[in-house]
Amino acid sequence: MKKIPFSHIGIMSVGYQLYSLDYTLKSIADAGFKCIDFWGGAPHYCYYDTPQEKRQEKIKEIRDKFDKYGLKCTVFTAEQICLYPINVASSNEYVRRKSIDIVKGYIEDTKALGAEYFFPQMGYCMFDENDEEALKRSVEALKEMADYAEKLGVKMVMEQLQKYESNLCYDTKTLKYLIDATNSPNLKVCVDCIAAATGNESVESYYDTFGSIGHIHVADGNPEGHVVPGDGENPVSEYLKTLAMHDYDGYVTMEINNQRYFSNPHDAAKRTVEWLKNCEWVDADK
Amino acid sequence: MISNLDVCGFTFRRYTLDYYLKAVKDLGLKNIELYCYHPHFSIYEAEELDAKKIADKIKDAGIKVDVIEPEQNFYPINIISSNEYLRNKSIEQIKFYIKSAPLFDCHKVTLLPGKNLMDEDYEESLKLLIKQLKDICAYAKEYGVDILLENVSDSVSGMIPNMNAVKRIIDGVDADNLKLAVNTSAVYLYGEDIQTWFDTFKDKISHIELSDASCEDEQFELGTGEVDIKHILDVLKKENYQGTISLHLTMEEYAEEPIEPYKNSIDYLKKLGEE
Numbered sequence: 000m001k002k003i004p005f006s007h008i009g010i011m012s013v014g015y016q017l018y019s020l021d022y023t024l025k026s027i028a029d030a031g032f033k034c035i036d037f038w039g040g041a042p043h044y045c046y047y048d049t050p051q052e053k054r055q056e057k058i059k060e061i062r063d064k065f066d067k068y069g070l071k072c073t074v075f076t077a078e079q080i081c082l083y084p085i086n087v088a089s090s091n092e093y094v095r096r097k098s099i100d101i102v103k104g105y106i107e108d109t110k111a112l113g114a115e116y117f118f119p120q121m122g123y124c125m126f127d128e129n130d131e132e133a134l135k136r137s138v139e140a141l142k143e144m145a146d147y148a149e150k151l152g153v154k155m156v157m158e159q160l161q162k163y164e165s166n167l168c169y170d171t172k173t174l175k176y177l178i179d180a181t182n183s184p185n186l187k188v189c190v191d192c193i194a195a196a197t198g199n200e201s202v203e204s205y206y207d208t209f210g211s212i213g214h215i216h217v218a219d220g221n222p223e224g225h226v227v228p229g230d231g232e233n234p235v236s237e238y239l240k241t242l243a244m245h246d247y248d249g250y251v252t253m254e255i256n257n258q259r260y261f262s263n264p265h266d267a268a269k270r271t272v273e274w275l276k277n278c279e280w281v282d283a284d285k
Numbered sequence: 000m001i002s003n004l005d006v007c008g009f010t011f012r013r014y015t016l017d018y019y020l021k022a023v024k025d026l027g028l029k030n031i032e033l034y035c036y037h038p039h040f041s042i043y044e045a046e047e048l049d050a051k052k053i054a055d056k057i058k059d060a061g062i063k064v065d066v067i068e069p070e071q072n073f074y075p076i077n078i079i080s081s082n083e084y085l086r087n088k089s090i091e092q093i094k095f096y097i098k099s100a101p102l103f104d105c106h107k108v109t110l111l112p113g114k115n116l117m118d119e120d121y122e123e124s125l126k127l128l129i130k131q132l133k134d135i136c137a138y139a140k141e142y143g144v145d146i147l148l149e150n151v152s153d154s155v156s157g158m159i160p161n162m163n164a165v166k167r168i169i170d171g172v173d174a175d176n177l178k179l180a181v182n183t184s185a186v187y188l189y190g191e192d193i194q195t196w197f198d199t200f201k202d203k204i205s206h207i208e209l210s211d212a213s214c215e216d217e218q219f220e221l222g223t224g225e226v227d228i229k230h231i232l233d234v235l236k237k238e239n240y241q242g243t244i245s246l247h248l249t250m251e252e253y254a255e256e257p258i259e260p261y262k263n264s265i266d267y268l269k270k271l272g273e274e
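If you read the protein sequences in the order shown, they are chains P and R.
Going by numbering that gives the first Met the number 0, the first residue of the first sequence is number 0, and it counts up by one from there.
Going by numbering that gives the first Met the number 0, the first residue of the second sequence is number 0, and it counts up by one from there.
A hint or two may mislead.
[Unchecked claim] Over 12 Å on every C-beta distance to chain P, these chain R residues come out as not near it, computed from the model:
hint, residue
1, Leu28
2, Ala54
3, Leu116
4, Ile129
5, Gly224
6, Pro257
[To be verified] Below 20 Å or equal to it, Euclidean Cα-Cα: the simulated PhoX-like pairs (lysine-lysine) are:
hint, chain 1, residue 1, chain 2, residue 2
7, R, Lys126, R, Lys166
8, R, Lys236, R, Lys201
9, R, Lys88, P, Lys57
10, P, Lys53, R, Lys88
11, P, Lys59, P, Lys71
12, P, Lys1, P, Lys240
13, R, Lys270, R, Lys229
14, R, Lys98, R, Lys63
15, R, Lys88, P, Lys97
No wet-lab data here; the hints were simulated from the structure.
Glycine included, each C-beta is placed from N, C-alpha and C at the ideal position.
Kindly generate the complete structure, drawing on both the sequences and the hints.
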């Protein structure tokens with residue numbers, strides 16, 4: 000059994016989407032976090048808000064800011080299918096091709112940001128479209144992206160989502176299918192605790208299926224919500240206990256991503272740190 | 000009243016346009032609030048989007064587009080972004096949708112007030128918003144389009160914390176084709192009464208986005224939250240409201256089964272005595 004070092008737990012910056020990047024990083028650092036799961040969306044950074052010729056300069060600026068605030072970037076979670084029109088499994092060939100190209104740019108950014116992982120998403124199809132064809136398109140795209148990541152030496156972690164987010168990957172079975180089909184040493188599993196809870200699965204079921212976990216998104220909910228631990232009814236402590244029992248030595252992302260906190264994300268971050276430091280499965284001194 | 004309600008396209012964003020249009024008819028309705036969102040109608044679908052083709056498909060289905068709403072919350076579209084590149088791209092996109100509106104026989108385009116950075120000066124953001132809306136309204140006038148400013152909660156934007164902020168914007172822009180799309184969830188979350196909005200804005204109110212809300216969430220199925228829907232309907236009758244009304248049900252979780260919240264909302268309206 001090995002408690003999770005607090006210094007290995009970061010927060011996703013998505014909760015700060017109504018604040019500037021400087022405010023975001025200062026708040027995360029002041030709250031006590033040492034790690035950031037950097038969300039790639041406006042106003043902080045994304046394909047749509049940065050001209051391509053200015054991209055390298057922007058990424059360097061962001062990396063310098065991480066250093067300034069003493070934050071390690073564990074994951075670059077570029078916004079793709081949940082909010083933005085980036086869908087690598089789209090039946091619209093224009094959308095699909097453009098999406099793959101955008102994601103390959105993000106894989107390059109991951110290296111330049113010094114992030115541990117990039118966070119690819121498998122895409123989705125319309126609920127009234129043929130999902131078997133969509134699955135083929137998704138696997139093809141994931142292979143292309145994984146090949147590119149391997150060439151650049153970038154590691155990736157991929158999670159299951161809730162069905163309304165991706166109807167191609169929403170539980171252990173569908174995630175395993177995609178990870179196996181992509182067949183890349185650079186692509187590992189990320190468990191999303193909220194998606195697991197809504198799908199009546201547990202963190203343990205992901206260990207049973209995959210043997211090991213590359214990364215994990217933790218939050219509270221009912222069972223949905225992505226709320227601060229304690230603001231919901233999910234067994235958040237149990238998620239961390241499972242990791243500790245498996246001697247998990249990777250990073251953890253607190254995915255606090257509920258619009259109720261968007262106007263005051265600093266409070267949400269502080270309360271999350273307080274909960275973590277009082278959690279019996281977290282080593283608050285490490 | 001029920002038969003003239005608009006069905007909001009955002010709810011159907013994980014279904015094809017064909018499915019969405021059929022669902023509207025299966026609900027016994029015929030009008031839509033067309034969202035500019037993948038895959039139905041967005042500039043992201045093609046190098047050059049054929050808006051007329053989409054407009055013709057909707058007309059052939061016997062569906063009327065009452066309002067066009069470019070997606071400006073989930074998407075990186077922000078008319079007051081401090082990032083000049085993003086701001087200009089956003090305006091470009093909005094203008095495309097305004098120019099396309101007549102193809103759909105639609106003369107209302109809804110705009111959000113943009114997203115200010117909450118750690119930046121509000122008054123500067125307000126000045127910029129007023130300037131942007133003046134330019135957009137002047138452009139829209141050329142196409143016979145009214146711009147409907149939508150009030151949103153502080154989980155979407157800090158620009159409209161209450162009705163007075165809307166009044167400042169309307170007065171500052173001073174354009175006869177700047178109207179309002181009143182979001183009933185946001186009015187509830189401000190702790191305000193829609194009657195006060197009618198007393199203040201009168202005929203400026205051109206569209207009602209009808210939804211329920213609670214202190215934890217918003218824009219969900221009627222009758223499942225804390226909004227006094229009956230009071231809203233009574234005010235609309237009292238004011239002899241002649242504008243359009245949408246069922247504006249945008250909870251993300253509705254995406255897998257989007258018809259159900261509309262069915263339930265219509266049933267709720269019927270229970271309140273609406274026909």
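Subject >> Numbers of the earlier hints that this structure fails to satisfy, in rising order >> reply: 3 and 6
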